[in-house]
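Hey, can you work out the whole structure from these sequences and the hints?
2 protein chains.
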Amino acid sequence: MATINENYLNLQGSYLFQTVARKVREFEAGNPDARLIKLGIGDVTQPIAPAILNAMHKAVDEMGAANTFHGYAPDLGYEFLRTAIVENEYRKRGIDIEPDEIFVSDGAKSDCSNIQEIFDQNNLVAVCDPVYPVYVDSNVMAGRSGAFNEEKKLYSNLIYMPCTESNGFIPDFPKINPDLIYLCFPNNPTGVAITKERLQAWVDYALKIGAVILYDAAYEAYISDDTLPHSIFECSGAEYCAIEFRSFSKNAGFTGLRLGFTVISKKLKLSGKSVHAMWARRHGTKYNGAPYIIQRAGEAVYSPEGNQQINAQIATYMKNAQFLKTALKDAGYTVYGGENAPYIWLKTPNGLSSWDFFDLLLNKAGIVGTPGSGFGPNGEGFFRLTAFGTYENSVEAIERIKGL
Amino acid sequence: MATINENYLNLQGSYLFQTVARKVREFEAGNPDARLIKLGIGDVTQPIAPAILNAMHKAVDEMGAANTFHGYAPDLGYEFLRTAIVENEYRKRGIDIEPDEIFVSDGAKSDCSNIQEIFDQNNLVAVCDPVYPVYVDSNVMAGRSGAFNEEKKLYSNLIYMPCTESNGFIPDFPKINPDLIYLCFPNNPTGVAITKERLQAWVDYALKIGAVILYDAAYEAYISDDTLPHSIFECSGAEYCAIEFRSFSKNAGFTGLRLGFTVISKKLKLSGKSVHAMWARRHGTKYNGAPYIIQRAGEAVYSPEGNQQINAQIATYMKNAQFLKTALKDAGYTVYGGENAPYIWLKTPNGLSSWDFFDLLLNKAGIVGTPGSGFGPNGEGFFRLTAFGTYENSVEAIERIKGL
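Taken in sequence, the protein lines are chains A and B.
To convert, take the position in the first sequence, counting from 1, and add 808; that gives our numbering.
To convert, take the position in the second sequence, counting from 1, and add 808; that gives our numbering.
No lab work stands behind these hints: they were computed from the structure.
Among the hints, erroneous ones may be present.
Given that identical chains are not distinguished, each listed pair holds provided it fits within a single copy or across any two copies.
As the list claims (entries may be wrong) - Here are the simulated DSS-like cross-link-like pairs (lysine-lysine), alpha carbons at most 30 angstroms apart as the crow flies: (1) Lys983 - Lys961; (2) Lys961 - Lys1077; (3) Lys1127 - Lys1081; (4) Lys1155 - Lys831.
Printed below as a string of structure tokens:
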């Protein structure tokens, strides 16, 4: 008799953003005239840049002629895209990554959640708290989490690394040595970036204990401080202990186009086995590539016009971030992030719980944010706003918040 | 210390089509002037139909304006596509499937390989022999296969259901009751279709023993015999025991666009748990949707023009299939399939092994096919040709084969 994967029974409630979406739908059903300002889910709002649109139109046309039609893509992704990525994201920063160390995919969410498959079931996983829920939930599904402790709001077999005001939201090394360490900088949800020195310390730590760092750099394009690392491979030795995830969603607005990539150096080995070869096998067996049209869109991100256009988009979002941060501070809020990331991490006022503040903002101000506690117990009492709205909406949101 | 998923060490060689691709690359490197005819991998060759191109151009333009831009897609896929699928694939055939029982994805390969995640590790898996390697390899990676028996060329913990000339390539019920049963009809690689009566017997069997049938219907568009089932949900009770996988790759040439869907009835429950809810959770947590542009392309497949255009494409491929089958028979080959599927399954001549015949065809005739043994021990002595070439190439392939 077929039976289910009982690890799923350990999952807590719905995926955070599904719960937020449900609450929003319910509010909209009851308040059809309300004009909601959505600063919750990290979705972009600016349209795809013209250079990228042109590339997609051209690729669509290619798909319509037999001599330029493209069927199944190469397993790792098209070489034109992998070469553009290597040149622009790595070699320009002096990082030695080869095109065949790039695995093109439909996005960092898929890769971040699938990567755990190639590691042993008994690997001990460390995550930040608060944390992007996908790292945790994918390991719950895989059976690495143990039972959920209702009181502590934590899984018994995961290592949580508190990211709090007192440590500046940069985790300390855990007391027990983990095998797999998820790090995300600039961070979602706190919006805090890590210095190269601190990241190097994590790489040194991982090398010392034989751990692998799963490094989510989806927000690197928002780094404004030139001294901060865009890639973990800027750190010495990272090629022997780290896997990096990148996304086109946040730098070029590809949330609805779906494109990302994972970088694994061929030097990364565990017990003599190539982790690169394992992921290549997984990628080739369980996935069939990102659409040709979308890979051409990704290539256009690196064209001179595309690059200029997406930089202008990022500047717009960061103008929002700066405005939100300054205005909230002026209004008496304690605010983090928003300088090298599109996320504002604010302390809820009057000791409100994160979900109470969510409900308050939704029902009294028509603003959708994301409750910090949805990212973990140390997110309780915090709230995430994104800079992905329009400037006008960001301004209006502040007016509404001031009027609470 | 991080350790690998050792189940990967049980994987045998490379994924079949990667090996074929490597041999082809090597041949081309050594024979730069040879004009290869590729009838191996099941990739299409006709360009995307005009109605679908138009839909994509329109969708690209929508992505370029703020008021029509689409970011993250709804978890299950856009309703416009799910509704079109339900209307055209199910309700027109009198099948009661709801739009929220459709999960839109980037293709059947991803879904077929990911679906096993929601079932218990100890579920006993039955596959046909020969079989599309993805069903096997995804279960090897998940640890359900046991060790590979080098002598038998089979995994010790999988149930293999022989599909041979003597049973007309339709498997008999296995001697030991499986928990998960992978079936694919019209079949890849044999090209053989199943009757409604035989499929109903499989549904009845699954209901009796409490198994779940994982039904890959990627090739249903090639069915020419009106009495044959296009969907397992044409069988009574299938909603309680079956999951169906569908693809836009073969009916509409989307191999390079990437779109498919999985159908799970909300009536399918195991130990009282909704399998639909589990897959919804998996889909929402570890995947972020097919691109908006591609979902619009899928919708256009069901427009009157789109439908007419893809039917013409299918007719072209089936003309190839019929030609190949007839010509090979005339040349003295024993040939199966090719009537309700785009695959020709032929017996190798003179008792050649499948790979020897592959090498012979590649080196002496410049034709790429797929060795039957790559699909399992009962594929030994067989060879798969696809009808996805052009008619001219199919004709030339036959001339070359005759000249061997």
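So, going through the hints one by one against the coordinates:
1. Proximity of Lys983 to Lys961 under the C-alpha cut-off of 30 angstroms is restricted to the intra-copy arrangement: shortest distance 19 angstroms within a copy versus 47 angstroms between copies.
2. Taking the shortest Cα distances, Lys961 and Lys1077 sit within 30 angstroms of each other only across copies (29 angstroms), while inside one copy they are farther apart (35 angstroms).
3. For the homomeric pair Lys1127 and Lys1081, neither the shortest alpha-carbon distance inside one copy (46 angstroms) nor that between copies (48 angstroms) is at most 30 angstroms.
4. Taking the closest pair of Cα atoms, Lys1155 and Lys831 come within 30 angstroms of each other only inside a single copy of the chain (21 angstroms); across copies the shortest separation is 60 angstroms, beyond that limit.
Violated hint: 3 only; the structure is consistent with all others.
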